[in-house]
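Spelled out from the first residue to the last, the chains are:
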Amino acid sequence: MELPVLNDAPAAKGGCSTSSCGSTDNQMDSLPDSIREKVQNHPCYSEDAHHYFARMHVAVAPACNIQCHYCNRKYDCSNESRPGVVSEVLTPDQAVKKTMAVAATIPQMTVLGIAGPGDPLANPERTFETFRRLSEEAPDIKLCVSTNGLALPDSVEELSKHNIDHVTITINCVDPEIGAKIYPWIFWNNKRIKGKKGAKILIEQQQKGLEMLIAKGILVKVNSVMIPGVNDQHLAEVSKIVKSKGAFLHNVMPLISEPEHGTFYGVMGQRGPTPDELQDLQDSCSGDMNMMRHCRQCRADAVGLLGEDRGDEFTLDKIEEMEIDYSAAMEKRKVIHGAIQAEMASKRLEKAQKAQQIKEEPKLTTRPVLMAVATSGQGVINMHFGHAKEFLIYEASPDGVRFISHRKADQYCGGDSTCGDGESVLQLTIRALAGCEAVLCSKVGYEPWEMLEAAGIAPNGEHAMEPIEEAVMAVYKQMAAAGKLDEKPEAVRASAA
Amino acid sequence: MAVKIIESCVNCYACEPVCPSKAIYEAKPHFLVNSKKCTECEGDFPVYQCASICPIEGAILNSLGEEINPPGSLTGIPPERMAEAMAEMQGH
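Those protein sequence lines, which keep their order, are chains A and B.
Per the working numbering, the very first residue in the first sequence carries number 26; after that it's consecutive.
Per the working numbering, the very first residue in the second sequence carries number 242; after that it's consecutive.
Extracted from the complex, chain A is given alone in its bound form:
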């Protein structure tokens, strides 16, 4: 059986690289088959599955039992795309209706998550009512939940009763000193507890909850928000600890802290990490732990493939009018899921064969290169440069091609090109591609072409509809043959050397 590739280590790695002795594949090997099966078609956990399968979140859980410095509970904006933000809070009944409407309309939707906008386990009745009904009425949907962990130990028993096989815990630290800089307070035993004392309780609950879930055989993913100067140095230790306790995946996410979000970090000028800093940390943790690099930090009511949000098609008034025959939908979904799985299996096989070929070819000795790719899914290059709202970043090296991250092309506030410092959307996009030396897309217009070239990023529209990894490798080889990789470009990443 072909292993799921969660976070491709360089395809044909020989020996140990500096950062990841013991490759990702080996770590996946150690997972029991039943767990591997659960993971490999999950868009959030499997890098290749996220090109095919969609997810949705239902916002049934508005209450929270802690405050985080990266969250502002006042926020509700339809142009916002980040965790903790929603347009409307649903009752469990509305959530079930919405989920079934989406499942019937978007058959690729396989995963339903409850992620907020508060903490799902601080709203146990609403959250569990939704899960209970969906386990009964839509048994072909995987259920997930994310939590800050404070109420987790009390919820493990109930979680194990439903069709829930994944729980995400956000763990930003294991040290209360650091925790006090991230969590101003928690609500615990009928009191608001501030500072280090509150952080200590939260950390203990998170670790206890993690251990209890693992003991129950429930998959645990850990999310961490990378906050430069606060926990960036500390997250490698977090990664080690959660892995040793049995978490199967660690998702290090960049802090989002625009001042206009009104969060503590936003207002106080705490910056988020640069893409380089994030990648360096993910690389340094990846030796201990499977890293998740394609996370899009979705809204708590997101609907669709990762990176897209079709929530507008499923507002309450719209789903009210939909007539859903779920048993018919389930039949249709089954057929479509089978077809997708067959396609994924053949792509996985092809990819493994290509990797093998690369291994057998005379090995290049050239330096690694980052490239940006515009895609709307299916694992191929199929999007215009100008239409891309995000780019996937790949690293090509003599060892092969690996997925690194995604970068947003337009700003969070959504489209006013004259907002703020007057940079055009195009300029912002090109800035977002800093560090990349090529951008692969189905087409590029004349104006962006010139601007990209001027910025040292080679536009490339020659690989439209080709599989991403193959195209990236082809461009890399072309660059090598043209002698472009003999010297370092001015702005090359230190860590990519």
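No lab work stands behind these hints: they were computed from the structure.
Fair warning: there could be bad hints in the mix.
[Claimed, not checked] Cβ-to-Cβ under 8 Å is the rule here; a few derived chain B residues that face chain A:
{"#": "1", "residue": "N252"}
{"#": "2", "residue": "C253"}
{"#": "3", "residue": "L273"}
{"#": "4", "residue": "Q290"}
Every residue, glycine too, gets a C-beta built ideally from N, C-alpha and C.
Starting from the known structure of chain A, fit chain B onto it as the hints suggest.
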């Protein structure tokens, strides 16, 4: 003797289940307190339960009309820094 929830409430539901007197109820445009039922937690807890979980500064007033959670007390953002940030944003 009763607390009051005012319009800055964001309808997050957090206070409703923690009220020992079941005095808080969902309403439009925001949650409200039944002043006949509210005991200010006397006899049950030494601190207001609703105001101890409420994430919004100023959203709950005590019986004297004072903010139980004044500006800066929950987010840690000094009020003058918040004012500056708001002014900067409006400048755009």
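How the hints compare with the structure:
| no. | hint | in the structure |
| --- | --- | --- |
| 1 | N252 | 7 Å, holds |
| 2 | C253 | 4 Å, holds |
| 3 | L273 | 16 Å, violated |
| 4 | Q290 | 6 Å, holds |
The structure does not agree with numbered hint 3 stated previously, though it agrees with all others.
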